[in-house]
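Let's have the full structure, built from the sequences with the hints guiding it.
Chains A and B, in that order, give the protein sequences.
Going by the UniProt record's numbering, the residue at position 284 of the first sequence is 284; the numbering climbs one at a time, nothing skipped.
Going by the UniProt record's numbering, the residue at position 210 of the second sequence is 210; the numbering climbs one at a time, nothing skipped.
These aren't lab readings, by the way, just hints derived from the structure by calculation.
All of these numbers come straight from a predicted model, not from anything done at the bench.
Check before you lean on any hint, since a few could be wrong.
Only pairs whose alpha carbons sit at most 20 Å apart, straight line, appear in this in silico SDA-like list of lysine to any residue [claimed, not checked]:
(1) Lys134/B <-> Asp54/A
(2) Lys104/B <-> Pro139/A
(3) Lys104/B <-> Asp54/A
(4) Lys268/B <-> Asp3/B
(5) Lys104/B <-> Arg91/A
(6) Lys134/B <-> Lys268/B
(7) Lys134/B <-> Val30/A
(8) Lys134/B <-> Pro53/A
(9) Lys27/A <-> Lys226/B
(10) Lys192/B <-> Glu219/B
(11) Lys134/B <-> Arg55/A
(12) Lys27/A <-> Gln133/B
(13) Lys104/B <-> Gln105/A
(14) Lys246/A <-> Val270/A
(15) Lys173/A <-> Val40/A
(16) Lys47/A <-> Asn157/A
(17) Lys134/B <-> Gln140/A
(18) Lys226/B <-> Asp54/A
(19) Lys104/B <-> Gly102/A
(20) Lys134/B <-> Tyr52/A
(21) Lys27/A <-> Ala16/A
(22) Lys226/B <-> Asn58/A
(23) Lys104/B <-> Gln140/A
(24) Lys20/B <-> Leu262/B
(25) Lys134/B <-> Gly77/A
(26) Lys134/B <-> Asn29/A
(27) Lys249/A <-> Val270/A
(28) Lys226/B <-> Gln140/A
(29) Lys242/A <-> Gly196/A
(30) Lys203/B <-> Val235/B
(31) Lys104/B <-> Gly164/A
(32) Lys27/A <-> Met131/B
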Amino acid sequence: MQFILAEKQQPKELRAVYQETLMELMKENVNVVVCDADLVNASGTTKLFETYPDRCINMGISEANMIGASCGMSLTGKIPFVHTFAPFATRRAFDQLYLSGGYQQANIRIFGSDPGFWALHNGGTHTSVEDLALTRAIPQLTVIAPADAVQFKWVLNNTVNWYGMYYFRCARKAVPDIYSDASVFEIGRGNVLYEGSDIAIFAIGEMIAEAIKAREILKVYGLSTAVIDMFTVKPLDEDLVKTVSKGKKVVITAENHSKIGGLGSAVAEVLAENPIKAPLIRVAIQDHFGEVGTQDYLKDKFGLNAEAIVNGALRALDISVSM
Amino acid sequence: MGDLKKLSAKIRLEVCKMLKHRGFGHLGGSLSIVETLSVLYGDVMKINPLNPNWEGRDWFVLSKGHAGPALYATLAVKEYFPVEMLNTLNDNSTRIPSHPDRLKTPGVDVTTGSLGQGISLAVGIAKSFRMSQKSNRVYSIVGDGECNEGQVWEAFQFAAHHRLSNLIIFIDENHKQLDGPTKDIVNPFDIKEKLEAFGFVVKRVKGNDESEIKKAVLEMFEVQDKACCIILDTVKGQGIEYFETLADNHHIRFSGESEFQLDLAIEKLKQELESEGRLCNLF
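Have a look at this one:
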């Protein structure tokens, strides 16, 4: 595992990464199949459907059947990559993911796009703040929240060769670059992007950039902050959580997801089971449904930004000092 | 008694013995598909019990997974595993759980049980064979009560749209579901008309008649570019008069009269097979 942080910002849309990477994978491996549920235009996979019409299937608006049929295809050696919006990939087709997929030990990759605030003007009906909670609860299912285009590409390129159920959750749009192209990752291992001695921020996806911003602000307060990319939400890198958290004044998690059942819960479980005394602040969507809005409005409304992380840290430190 | 009738009797006997041993189980919906399983595993399906995962095999998906005992009895009679294993139904750490599990039982191709999901798996498997231009066929049995599930109709749409004639879907129309007659729970109306409206080629047959079932399957082999469905006109508890007429015959916990009748049925089936002079080595 060797990652290199990006020097320049040239963010690429993640749906473009999805299409371009799958174009290569379909060329190399005749077993790769692409399925979508009437969101081909949205996922940007039109070119795939034109280039490989025999191995790209538009399932129509029938997510339960899409997950089930894809699992069926996998039992005969196909490697389906399945896309729909995160709430439909998980909430709507949960029992299919659980039984036709996990319980049966099928072999599919699910791209649940636009989780959390990324639903934007599609609003509350299309907002998934619980997809991590749901997918984490399925035994042996690997849950990945790619941090940026480089990592998403790496994940697609590597998991194609492994057997099992994989859930990827990320935006379709561009997110800030975190890594340089040559970076190499390891499923199940978190990446310490920045070391720090006072505070540890475990973040995923678009919240990594906010964590890095928060780190700079916290410097003004004389605080040294570690930032860790926990892109594999399950299996969680428990050893890293323990190692990094030990001796910190405060541990923070940051995710574009409900505070119930996501990264914050996963980290809390590790801290609770180990002799780590640092207070935990979960920067996440509170126990609320989504709503329509711009990205800035929703991030502000849900408290998903650097300011919320900084405030959480300072609040926790005041509390810890007073204790 | 023809070969398939004999096979049906053997399967029916093993289902009864298995549930007698366990003391309870899904008798009604298991017995209604016995003749169909007999035709599939005794005649039309390409299988290799010595190598259950043989690549050239036809696949079977029991979408109405609660009829697992019927499938297990069939697989045992076809020697996928020793018939003694049938007595482990639902034991702790058994290899034959109530609903089929492909990871546990030799010969079970697909894990099913949550109704509606098996047929989606089946259409996926059939589509996969089509994509790879393989000649393997896929057979799936869906319950009429199971057709309450919306996912079933999603899968039917998919099969029809993709003209999956390499998949033969059976609907076991035994007219009853757990809580009572299907027409009283959620009226299915005319399933044949519904499937035809979906673009299927549909045949309706007596589900206790092996020769009719086989004839329908062979007719479906001639269909080139349409989805195929055979509706099985059956009754729950099929083949045993007492259980056919028993009102609550979906899942039975045997005691008193029902246990007595089950014992009678077992004896009768044994005698039928013995009188043929061709006792299988199963009892």
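I'd like to know which numbered hints this structure contradicts. Please list them from smallest to largest. Violated hints: 3, 5, 6, 9, 17 and 28; rest satisfied.
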